[in-house]
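**Student:** Same order as they appear, the protein sequences are chains A and B. Our numbering runs 46 ahead of the 1-based position in the first sequence. Our numbering runs 1 ahead of the 1-based position in the second sequence.
No lab work stands behind these hints: they were computed from the structure. All values derive from a computational prediction rather than experimental measurement. For each residue, glycine too, the CB sits at the ideal point set by N, CA and C. Some hints here could point you the wrong way.
Pulled a few chain B residues facing chain A out of the computed Cβ check, cut under 8 Å [to be verified]:
id : residue
1  : 26
2  : 46
3  : 64
4  : 98
Chain A regions said to be covered by chain B (calculated; three or more residues, Cβ under 8 Å) [unchecked claim]:
id : segment
5  : 70-81
6  : 90-101
Looking from chain B toward chain A, a few residues come up when the C-beta cut is under 10 Å (computed) [what the hints assert, rightly or not]:
id : residue
7  : 6
8  : 18
9  : 54
10 : 66
11 : 77
12 : 80
13 : 92
Residues per chain, in single letters:
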Amino acid sequence: MDQANPFVSTPRRDIQAGLRDIAPVAVAALPIGLLFGAIAAAKGMSPLEVSLMSALVFAGGAQFAAIETWISPAPILTLAFATLLINARHVLMGASLTPKVSMSRVQTLLAYFFLTDEAWALSERRALERPVTGAYWFAMAVVLWANWTLSSTIGAILGSFLGDPERIGADFAFTALFIGLVAGFGKSRVTLVTVAVSAGVAALVHYFIGAPWHVASGALAGIAAAYLAAPEEARS
Amino acid sequence: MSLDTTTLIAILAMAVVTYFTRIAGMFVADRLVLTGRAKAAFDAIPPAVLVAVIAPTALTTGWAEAIAAAITAVAAFRLPLLGTVAVGVIAVVVLRNVI
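Let's have the full structure, built from the sequences with the hints guiding it.
**Tutor:** Below, the structure written as structure tokens:
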């Protein structure tokens, strides 16, 4: 964390700090990108479509959810709504980070195209010590964006040679990945109630009504359950 | 390399919605302070959505998938993300051959 002289911040040092902070994240994201591309290809997307989605959307969770429920032709409104639900957390992240970045309004508008859970978390940590500069932010952002776009495109190209995904259990990789992601939210009582209610409602709706309604109904039920399960505390 | 028009529109719609969520925080930075139940509901959005997406595959496809999902959940609290995925995939392949 600490640099030779912590009181002097130069663009060069900020870029170095950004690259150093994002490197382990990029390494961890590389196979996830390959996996995304491979399964998107198995669902019928071309490598060009996969690279466009990764480059323009650049949001792993929303992309994985879209691919899991992917049918042809693509249900545009359903996908947009699911994307909105999954990415709504960005609003809170942006609201929290904005007072801590030393960038102009226009720079921030450009910078936030690259807002991710990882870049946000690292920036919040850095903001405890010093302002988050454009040099620091864009060094992280460009690496993570290029990494995600390239790895998912390569995954899509390789994936079309893999054949039937069910044979090697690859169809279950999403489910396993999502379980892993959900575990990252911890096992507090509120989270467990959320997960149980969301899973139950989504499974029932999918069984009795069908896709894609299970996503919105399960998610809304889980969110409502979290609201009811949380303590009704005073302002903190 | 093919590019389907409907797919392209869907990708653009997802991109626009995502960018909107990314910049919206800039404009509410001084007003959006959630506490208590409202914050709990907001924090619950990502896990609630993720679980809703996979619930049919995990719970109502068959015993192999349901058991594999349970094994994956146990692994998820002990292993990094990729290890969890590996455990899940291996479990489902083995179980599909056994059951």
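**Student:** Taking the hints in turn, state whether each one holds.
**Tutor:** Structure-based check of all given hints:
| no. | hint | result |
| --- | --- | --- |
| 1 | 26 | holds (2 Å) |
| 2 | 46 | holds (6 Å) |
| 3 | 64 | violated (13 Å) |
| 4 | 98 | violated (10 Å) |
| 5 | 70-81 | holds (count 4) |
| 6 | 90-101 | holds (count 7) |
| 7 | 6 | holds (9 Å) |
| 8 | 18 | holds (5 Å) |
| 9 | 54 | holds (5 Å) |
| 10 | 66 | holds (7 Å) |
| 11 | 77 | holds (3 Å) |
| 12 | 80 | holds (8 Å) |
| 13 | 92 | holds (8 Å) |
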